[in-house]
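Chemist: Now for the letters of each chain:
Protein chains: 2
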Amino acid sequence: MAANNNLQMFQYIKRDTRDFINIDPLQTAGLLTEAARDALIEWGDGYSVCDYCNGALDQVKKPPIQEFVHKALPEFLGTDAARVMNGARESKFAVMHTLAGAAKNKTSNAASNSANKTDAADYVVMDAWAHYSSKVAAERAGLEIVQTEKPEKEIMPEDFQNAIETGIEKYGKKPILTLLTYPDGNYGNLADAKKIAALSHEYEIPILLNGAYSVGRMPVNAKEFGVDYIVGSGHKSMSACGPVGVLGVNGEEAAEQLFRKSAYNKVKEVELLGCTSRGAPIMTLMASFPEVVERTKPDVWEKEVEHARHFVSRLEETGKFKLFGQNPHNHDVMFFEAPGFFNISERAKRGRYFLYDELKERKIHGIKPGLTKNFKMSTYGLSIETIDTVADSFIDILKKYDEI
Amino acid sequence: MAANNNLQMFQYIKRDTRDFINIDPLQTAGLLTEAARDALIEWGDGYSVCDYCNGALDQVKKPPIQEFVHKALPEFLGTDAARVMNGARESKFAVMHTLAGAAKNKTSNAASNSANKTDAADYVVMDAWAHYSSKVAAERAGLEIVQTEKPEKEIMPEDFQNAIETGIEKYGKKPILTLLTYPDGNYGNLADAKKIAALSHEYEIPILLNGAYSVGRMPVNAKEFGVDYIVGSGHKSMSACGPVGVLGVNGEEAAEQLFRKSAYNKVKEVELLGCTSRGAPIMTLMASFPEVVERTKPDVWEKEVEHARHFVSRLEETGKFKLFGQNPHNHDVMFFEAPGFFNISERAKRGRYFLYDELKERKIHGIKPGLTKNFKMSTYGLSIETIDTVADSFIDILKKYDEI
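Heads up: the protein sequence lines correspond to chains A and B, in order.
Using numbering that gives the first Met the number 0, you'd call the opening residue of the first sequence number 0 and step up by one each time.
Using numbering that gives the first Met the number 0, you'd call the opening residue of the second sequence number 0 and step up by one each time.
Among the hints, erroneous ones may be present.
Where chains are identical, the list cannot tell them apart; a pair therefore holds if satisfied intra-copy or between any two copies.
To be verified - Listed below are the simulated DSS-like cross-link pairs for lysine-lysine, each with C-alpha atoms no more than 27 Å apart in a straight line:
1. K103 <-> K372
2. K348 <-> K302
3. K399 <-> K61
4. K103 <-> K173
5. K61 <-> K359
6. K398 <-> K173
7. K372 <-> K265
8. K149 <-> K302
9. K103 <-> K260
These are calculated hints, taken from the structure and not from any lab test.
This structure is a prediction, so every number in the text was calculated from the model and none was measured.
Isolated chain A (complex conformation) (with noise of 0.2 Å):
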């Protein structure tokens, strides 16, 4: 290669952030835990789980990924069966294309027998604030998006059915699948997911639980919300080495038409082409489990959502701050309307960018470069004092600025 005395730029990089307090709402949950750390480099070569392989990844009984797939996970997510995936969006996507696929023959059985074809795309109902790798997945499985209308705080099962029922009209048939962001990314906002799956079934339609932001961080149970499908996030929220994720899946039906095996090969499944996550992000999501069914108990996630409170009421006592969403708040994912700062790069040195500067100098990482009126952050697993720290120095910025 022409290039080769500049390759050495890809080795020994540094990550200047790693020390820093970050607020990122996908950073906060995917720290890895100290029994991570461990797997991680004990397993970091190339495909060091296949050493233990006899043809099937969930299968391997030591290390205990049989147990982990087959046991603890689908009792952790309240479902009948899971899968360890390649990540969530990987997730969507496979249940997805699996619904679209079983829609097609369906339609193509009914046009060879009757004059009755429909030519109207199949299509998912998603919620307003559906995240835009939900919608990648639908695009990518050939389906089209009804999405619900946006709401003054969260989702209301009326959105579904109104969404549902002008789906229903423009396509003729109902929807293959609804989808509901729990919570969503961006306002931290939780809908009231068991009537909602409650009204999808009512229309009998599966319904999907995007859980990348639950799942791991706070208790959520497929069974009891009555949801068929839902997925997790391990690198975003149960404190793996990405790209991982889960995936589980309620009803037997459901789940062997899911992880249906292939004709070539009668131990591999067809969704996951054979076998997914199977290096180190698979040890350290299951390194990190027993941490996670700790932090994700009703009485630690209650301390999570106390501290985000505070840390609301800290910035609501300037009246320079303003909480989108519910509030009180039941997340520790936000979103700040923030006056303030919005004036205060009106007029400073490096514009818009000087909140990201202000924030770097101390040691905070997080709110994207350039973000100042509006911005999401999360203070999970962070401590009350460095909550504190967090929303001294925001204050501090303002009146750094003459701002209060």
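Given the coordinates of chain A, assemble chain B onto it according to the supplied hints.
Modeler: Coordinates of chain B only, in the frame set by chain A:
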């Protein structure tokens, strides 16, 4: 959870093969380099890389992912464009899914314009030794498969020509893709990729090279071969922490089609579900890359081939081993018939598991438990002394059981 007390089973698990000589073809070229081990520890947390992202992973400037993905990697692969993916199989699926979707659109447009609608399935032509994941990728993309006949040694252009003609006869149309496994993962046979690519192009069919056992191990260049798509495996052959793979494509139109953007988000690529490998896997891939570039230079690879041939000759001298496929051999992946080991298995106490036990005692890992008569292995990256240790061990075992 009821099983709480047992959850510690998922933590602090040791990998007893870690200090063994590993001759599993899956593992030999996946061992992390020192630089990759540093990256693993530095970037292990969840989504570490995303601290630096403005919405598109391949555009991250610091760490220099943009430089890697858009400059170093395409140059290395010999392609116009490249991406880092979750693995080789995910890369194959992305290509097949894209081409299947394009073919379907073409058919349905043709159908609405004329009565010549063909209901025949679309399909891929693959070599006889195609990896199971190539087949599962096609299956998931809704494609059928026509494979070449099994050849004596390597796959010949005639084999592909026959398979294409068979396909055209059966389906009434050309395949949407040909796929060549280079080399296959069982026998390590290297076909004439250039001739097979030229043949595929005579039929105006794009060709994909599955380089899971070549990209990162040996010199291979998509442009020199004239192939349209190339995939490689980070964990198998590029000394990276899995799951991670690379995907390269030639031709502007093909690249635009494959990396098409979402209708919902202008920076997110549909087949990548917006984002692929973004924690330790991509950082370890990048960290090992300078050494990977070095080790795939012709003179370094020649030494690997010499080592493999030395091993073959050590075994052949005994009269108790027969190498399948190309001999003299051109790759580190080798497949042996071992009648001596088979004889022992018929009378040994542990039956066909004796070989696994004997090798384990000698701290050698990588031949699947229970195999004796036929097995594959690899000498990649082993010193000549270590290779002799393995050969000596094989011979010692035969002697111990009076087979020589």
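Chemist: Could you work out which of the previously given hints the structure breaks and list their numbers from low to high?
Modeler: Going through the list in order, the structure violates hints 1, 2, 3, 6 and 8 and respects the others.
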